[in-house]
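> Residue numbers (my numbering), protein chains in the order written: chain A, 1 to 72; chain B, 1001 to 1489.
If you only want the chain A side, here are some residues facing chain B, beta carbon under 8 angstroms, derived:
1) PRO15
2) ASN39
3) TYR58
Because the hints were derived from the structure by calculation, they are not lab data. The beta carbon of each residue, even a glycine, is placed where N, CA and C say it ideally should be.
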Amino acid sequence: MRPPSVGALMLGLVPFVGICFTVRFWDRLEPRVLGIPFNLAWLIAWMVLCTLCLWAAYRMENARESGGHGTR
Amino acid sequence: MSLWVIVAIVALGTAIGFLAGRRREMDLEQWTVGGRRFGAVLMYMLLAGELYTTFAFLGASGWAYSRGGPSLYILAYISLGCVVSFFIMPRIWELGRRHGMQTQPDFFAARYGNRFLNGLVCVVGIAAVIPYLQLQIEGLGIIVNVASFGGIGRAPAMVVSVGLLVAFVWASGIRAVAWISVLKDILMIVAALAIGIAIPHIYFGGIGPMFAALLHARPGHLTMPGATKNLDHTWYVSTVLLSSLGYCMWPHYFASAFSARSADVIRRNAVILPLYSLTLPFIFFAGFAAVLIVPGLADGDLSLLTMIRKTFPAWFLGVAGGAGALTAMVPAAVLVLTAATLFAKNLFRPAFAPTMSDDRVARLARIMVAIIGIASLGFALFSSASLVSLLLIGYAGVAQLFPGVVLGIFWRRATAAGVLSGLVAGIATAASLLLTHHDPILGWNAGFAALCLNFGVTIFVSFRGSAASSEFAGRTDEPVGWQFTKHHT
Chain A
1 MRPPSVGALM LGLVPFVGIC FTVRFWDRLE PRVLGIPFNL AWLIAWMVLC TLCLWAAYRM
61 ENARESGGHG TR
Chain B
1001 MSLWVIVAIV ALGTAIGFLA GRRREMDLEQ WTVGGRRFGA VLMYMLLAGE LYTTFAFLGA
1061 SGWAYSRGGP SLYILAYISL GCVVSFFIMP RIWELGRRHG MQTQPDFFAA RYGNRFLNGL
1121 VCVVGIAAVI PYLQLQIEGL GIIVNVASFG GIGRAPAMVV SVGLLVAFVW ASGIRAVAWI
1181 SVLKDILMIV AALAIGIAIP HIYFGGIGPM FAALLHARPG HLTMPGATKN LDHTWYVSTV
1241 LLSSLGYCMW PHYFASAFSA RSADVIRRNA VILPLYSLTL PFIFFAGFAA VLIVPGLADG
1301 DLSLLTMIRK TFPAWFLGVA GGAGALTAMV PAAVLVLTAA TLFAKNLFRP AFAPTMSDDR
1361 VARLARIMVA IIGIASLGFA LFSSASLVSL LLIGYAGVAQ LFPGVVLGIF WRRATAAGVL
1421 SGLVAGIATA ASLLLTHHDP ILGWNAGFAA LCLNFGVTIF VSFRGSAASS EFAGRTDEPV
1481 GWQFTKHHT
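One chain only, chain A, in its complex shape:
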């Protein structure tokens, strides 16, 4: 197992940007999504998006690892 690839790390950084660093842009009440204030709806959406990012990173790391074994 090697250190994580740059691509996977970038995918890991995406949720940090969406959930954490951009708070000042999405911490607002309008527009409401299905009646839920925007900031709450944003964080709920990111629970799903975060899993998608990690899933992509998982695929990437797995492909890399099995590729590495193949060339050995």
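Once you've looked at the hints, dock chain B against the given chain A.
Using the frame of chain A, we list chain B on its own:
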């Protein structure tokens, strides 16, 4: 009625705990890391079980009720903690298997080989676990007290459940915990969905109308800083970072990771776990509804249960109370198990009895389960801190281990001297800021400020002291991460 439902659920959970450990040789490895044989599903239940604690059940709704906007940090840090865990924990697992690690200080010992650092890591781990444990026991007292309509006092509820807890951890170790988690998680999800959907519908005719009414009555409550003065966006960013970096630094999280069957199991878990927090917003809904329905509660942590008691029939209060009681007991069991193992294996044996056998360490750990359980019970009986603030204290401490772990894996030049000085600086800063009530400091979470200092000191001393470190540790020239790379390529 509700009382008997609670008793039945707790009895069922305890029975599962005892059955889980039956017909297995309980040596130290089996007791602490389940013989390293946990597959994806059981592992998922174990980690989710530790994640979904009384903190989520009562503390999150309590902060949604009393603080408003800043409570959103709880919805943020779990997902990001999973991201950090995805990149770090598979490597920790590999190293754990190669070096036979069972605890977090085992990792520090293999990587840095410095007994002062190891002792400090143990002390930090145990000290951070105790407020977390106290949180669970306090929560348990609240749940059983409210759910039994005052029929069981808080103190007796805490005493009985600590007794049960010590008994099943004693008998079955971590296997007990994983299997009780299964029951507890099913009950919790059902209760959370029922509460979060039914309460807005009954009182407001839907989730949308509830928020419309809340925005009308308390316009500032739902954005930061909400009902507080100083918990704004800076606090949010620093607290989310502190909590997500500290998320997998808990000693019990390490122990859980070691009980996985493979590194892949851990990775897949990190991918799925953010979805598990999708039930958390429902608990927030109940906390927000309580702002309008039962305003003016002195203790926000009571808001969820007060709403349930006001809205639902007694048997449902019993189900929610029973689920809540298990929600406290499962993590408390893990915490007490970990702290006891740390004490016996990594603190007592190296310092006082180097020749002690593993069997005797296991016996000492079991005795420590009882002692630590009773100590935390004592803290819980005589304290009144809010549940979220207890968890934040624990995080401020445990996150200080992050530089030592992450640099230990990915940076070959990190030295024992560097990590030790960083850790001392971080802990001293965090402790002095928290004890003098300077949290947040200039808008920043005090634990996060301490973590930044810790990182800086660790890197600075490691750079300066590469030569000086050789007297500390023979093993730093060949860090474990490096050995591992060589091994596989």
